[in-house]
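Novice: Residues per chain, in single letters:
2 protein chains.
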Amino acid sequence: MSQIDELVRILGTQHVLAGEDAKPYTVDWRGRYSGAALAVAKPGTTDEVAQVVRWCAANNIPMVPQGGNTGLCGGATPDDSGEAVVISLARLNRVRGIDTDNDTMVAEAGCILQAVQQAAREADRLFPLSLAAEGSCTIGGNLATNAGGTQVLRYGNARDLVLGLEVVTAEGEVLHGLRGLRKDNTGYDLRNLYVGSEGTLGIITAASLKLYPLPVASCTALLALESVRDAVTVLSRARKGFGAALTGFELIAGNCLQGVVKCYPQQRIPFEGPSAAMPWYALLELSDSESADHARERFEAVVGDMLEAGLARDAVIAENITQSKALWHLRESIPLSEKEFGKSIKHDVSIPVSLMADFVETTNAALQKKFPGIQHVIFGHLGDGNLHYNVAPGGVYTEEELLSRQYDVYELVHDSVHRFHGSISAEHGVGQLKRDVLPRYKDPVEMALMWRIKQALDPRGLMNPGKVL
Amino acid sequence: MSQIDELVRILGTQHVLAGEDAKPYTVDWRGRYSGAALAVAKPGTTDEVAQVVRWCAANNIPMVPQGGNTGLCGGATPDDSGEAVVISLARLNRVRGIDTDNDTMVAEAGCILQAVQQAAREADRLFPLSLAAEGSCTIGGNLATNAGGTQVLRYGNARDLVLGLEVVTAEGEVLHGLRGLRKDNTGYDLRNLYVGSEGTLGIITAASLKLYPLPVASCTALLALESVRDAVTVLSRARKGFGAALTGFELIAGNCLQGVVKCYPQQRIPFEGPSAAMPWYALLELSDSESADHARERFEAVVGDMLEAGLARDAVIAENITQSKALWHLRESIPLSEKEFGKSIKHDVSIPVSLMADFVETTNAALQKKFPGIQHVIFGHLGDGNLHYNVAPGGVYTEEELLSRQYDVYELVHDSVHRFHGSISAEHGVGQLKRDVLPRYKDPVEMALMWRIKQALDPRGLMNPGKVL
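So the sequences go chain by chain: A and B.
The working numbering puts the first sequence at residues 65 to 533.
The working numbering puts the second sequence at residues 65 to 533.
If we strip away everything but chain A, and leave its shape as in the complex, we get:
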C-alpha cells in the first residue's frame, strides 16, 4: 500500500499505524462514535506535522487531528469512509520552557493537561485550567475545543489562558506565533480563530500559556438553598464580597447529592435534618493570597450575612483542606453517580445567569408536560451560566424508551435554551454531535461568515471534515 509507505518514509515505521493498531484512534473513548482511517500518523515534531499535512494536502487526503481523544462530541473521530489520516499529536509532548518572570509556559499540543499543571506547580505557578479529563486530555485538544471546567469564573476558558500559538496550516505551513505578550495589537487575532475551531482550520502544535501565582490557601463552603433564584442572588453577593478570590461557584440539585451518597455510601451530605434534603446546593471556593485562616474568616463574614438574610438556609465551611476536598469530591462524583438515575440524556448549555431560574422552571415544566415523571438531573458551573442539564428515565420510563425519544428531548431543551438567549454548547464544542442542529440556532449571517472563514483557511476542505460546519 504505497500511500502508507510515503507516511512511513516521513515518520518511521513505528509511528504510522494501520489496521488493528489504528482502531483505538478511530473510536471515541465512550464508544459513541466510530469510523475508519487510512492510517494514524504520529509525528514527533512540528516539522513532521507540517510534512504530514503537506503530503495529505498534495494527495487530497482528509486529516483528523487528535489529542487525548477525550472529547464528548465526536470531534476527533474520523468518518467511516476510511479515507482520512488521523494525525495524533501525542508525541508532541514536551514543555519547551517556563518563564517565571513572564509567567508563561510554552507547551506542545500533546502535553497531558495534568502534566502542564504539574510543570507549572513545580515552578511555583498555577496553570488554572482544570476539568474531569485532565489526566488524559491534551492541552492541544483543550485549546482546539476551548475547554472550560471548574475555574472559568476566575480564570476564563482555555482561550483566555493562551497568549500565542504555533499552528500548522491546512497547506502545511508553520505559523510561528508563540508570543508571550499580554498586549499585542499588530493585526487580526488569528489565535482566537484557531482556538475553538476543533481542528477544522489548522493544527495547533504548541501554545504559549499564561501562568498565575499559586494561591497560598483555599477554602470551600457548601450552602443549602431553596431555589435557583436564591442561588443567583448568593452568586451576586459572593462576587461582591470576595472579588477575584471567588474561584468556584457550582450549583447542585439536591437529587444529585442524594445520588452521590446512594452510589458511594462512604460519602455523606454534611448537613442534618431538613438541610440535608434541600432542593439546591451551592459549592463555593475561595482562593486566598494570605492564609487559610483569612479565607475562612472571609467565608464566615460573607456567608454569615447570607444566612442572616435568609438567602442560604444552612452552610458548612470547611475547617481544613481535608474537609474542602471532601466537599469538592461530592461535586466531582456527580457525573459517575448519575447512573443511579438510569442512562440520561445530557445537555451542556449556558444561559445568562439572570435568566437561569426562569429557564430551569420553564424547561422542567415543558419536559414534565411532554414526558410525565421524567427526572431532572441538574448541576453545573453557575458562576459561568453553564448548566449540565441532564434528563433521566426516572421510575416511569425504560432507558430504551427514553433513548428512542432522545432527539425530542434535545430539541425541547435546546429550543428552550435558544429562547432564553443561551448556547446549546457551553464548553464541549460542536464536533459531529451538534453540527446538524447548529444552523437551527445560530444567526444565519454568522453561519455564512463561518463558512467564509473555513473557505479562506481551508479552501479544499481537508481539515477535520464533517465537524463544526
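A couple of the hints might just be wrong.
Straight-line distance between alpha carbons at most 27 Å, and here's what the computed DSSO-like set of lysine-lysine pairs gives [claimed, not checked]:
| id | chain 1 | residue 1 | chain 2 | residue 2 |
| --- | --- | --- | --- | --- |
| 1 | A | 304 | B | 403 |
| 2 | A | 506 | A | 434 |
| 3 | B | 304 | A | 389 |
| 4 | B | 389 | A | 304 |
| 5 | A | 403 | A | 434 |
| 6 | B | 326 | B | 403 |
Pair by pair, the computed Cβ-Cβ distance ranges are [to be verified]:
| id | chain 1 | residue 1 | chain 2 | residue 2 | range |
| --- | --- | --- | --- | --- | --- |
| 7 | B | 74 | A | 365 | 50 to 60 Å |
| 8 | B | 199 | A | 516 | 30 to 40 Å |
| 9 | A | 512 | B | 467 | 41 to 51 Å |
| 10 | B | 147 | A | 524 | 29 to 39 Å |
| 11 | B | 524 | A | 124 | 28 to 38 Å |
Rough simulated footprint, nothing fancy, chain B against chain A, three-plus residues with beta-carbon under 8 Å [claimed, not checked]:
| id | region |
| --- | --- |
| 12 | 300 to 308 |
| 13 | 473 to 487 |
Note that these hints are calculated values from the structure, not bench results.
By construction, the Cβ of each residue, glycine as well, lies at the ideal position given by its N, Cα and C atoms.
Position chain B against the provided structure of chain A, taking the given hints into account.
Specialist: Leaving out everything else, chain B in the frame of chain A:
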C-alpha cells in the same frame, strides 16, 4: 451632487456632512493625519449603518468607520482621495441595557467610554477599561482597536471585556451576536476577529460587555527602585503576595517624575533625600473587597518584605484616597509633561517581562551609540510588559534634527523590540502609522493568513482601506 443626495435620503439632511462641516472628521485629533471625504455619514441606528454600508458597497465607495477620533495611529482618518465616506458612530450612543445578575451591559458603539464606566457605577458595577482618552473615546473604537490602558494587569484588554458583538458586515448585513454568555462553544470566534481589526472587516455597532463588582476600597503605593531588574522581581512578588487584588503596576523612570514636578510645580515626589532621585519607580495599586484598612495592611506586609530584602529602596503607601489619587496623578501627568524634554519620538511596545531589563539596557546603549546624548523617557504598564519607550532631543539635538531622523529611531527601537520577541504595537494598533513596517516584523505566514481573512470578509476591499494591511 447626486451621490450625497442618496445618503441624505437615508439619514436626513442634518446627518450627512460635507465641505467645511466634514473637516473635523477628516483629520485626527493630534493633526498628524489628514485626508478628505466624499461625505461624513452619521447614522443613528444599526439599521441605518447597514443601509449606508449597502449603499457604499453598491456604489463601490470606500468606508472609514470612526468613533471618538482619538486614535494615535491614523486608523480613523480617510486618505486624501476624497472618495471615501466617513461613517461616524457618534449617534449610536445608547446603553441598551444593564443586567446586574448576569454582570453584563449592552452598549452601542458610539457610547463614550466614560459614560459606559458611569452607567456601570450607577448599577453598582465596575466596567474596568480605563485610559487617558476615556472622556472622548468611544467603546466601539476601543473594541475596534483592542484598547489597553491601566487595568489590563487584572482585567485584560478590551477584547477580554466583551462577550458578544453586533456587527455590520462589509456587505451591509447585520451579525446579531450580542450574547451575554461566558461560555459558548458553538463555532468560530468571530467576535475576537472583529475586535482589534480597526474597522477593516466590518463595523461594530454594539457590544455586550462584562461588568465586575466595584472594589470596596483601593490603595496605592510608590516604590523607589534601583533598576528595571528589581522592578521585575518586585512585580513577581507583588503578584504572589496580592493575587488578583493587584490591579495596577506602572514602571516610571526617575527623569519622568522629575519632568512632572518641573512642569507642574504644585505636584511633588513624595520622597526625601536620595529616594527622591532614584533611577526607577513603581506605582502599585491594590483593589480590595474588604476595606481600605485591609488593603493598607496588605501593602505594609508585602512591601515591608521588599524593603527588608533590599528590592525596594524606599516606599510610600497612601494613607487615604487623596494620597492615592496624588500618586496616580503623578503617573498620569507624565505624557503632558514630556514637553519638558522637547518633542519626543514615541514607541508603544511590549516585551516579555523577563527580557525587559535587557531590552531597556541594550536599546538605550544602541541609541546612545547612534545618537550620543539623546534622552530616554520611559514609563509604562510593566505588569503587561508594555512600555512607552520615548526618545527626546535631550540638550544636544534640536527638535528638527531629531524629527528628521525619526525613521532611523523607529527602526532601531523596533528592530530591538523584535529581537527581544516583543510587539511594535502593544496597545495603540497599526492604523496608517505602522502598516508599512508590519511585514518587516510579522511572520510571513501570519501576514498571508491575515490577507486571506481580509479577502474573505471584505472581498472588495472597501472597509477602511489602507489601514492595518
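Novice: Each hint needs a verdict: does it hold in this structure or not?
Specialist: Hints and how they fare:
| no. | hint | verdict |
| --- | --- | --- |
| 1 | A:304 x B:403 | violated, 42 Å |
| 2 | A:506 x A:434 | holds, 25 Å |
| 3 | B:304 x A:389 | holds, 23 Å |
| 4 | B:389 x A:304 | holds, 23 Å |
| 5 | A:403 x A:434 | holds, 23 Å |
| 6 | B:326 x B:403 | holds, 11 Å |
| 7 | B:74 x A:365: 50 to 60 Å | holds, 58 Å |
| 8 | B:199 x A:516: 30 to 40 Å | holds, 38 Å |
| 9 | A:512 x B:467: 41 to 51 Å | holds, 48 Å |
| 10 | B:147 x A:524: 29 to 39 Å | holds, 37 Å |
| 11 | B:524 x A:124: 28 to 38 Å | holds, 31 Å |
| 12 | 300 to 308 | holds (count 7) |
| 13 | 473 to 487 | holds (count 3) |
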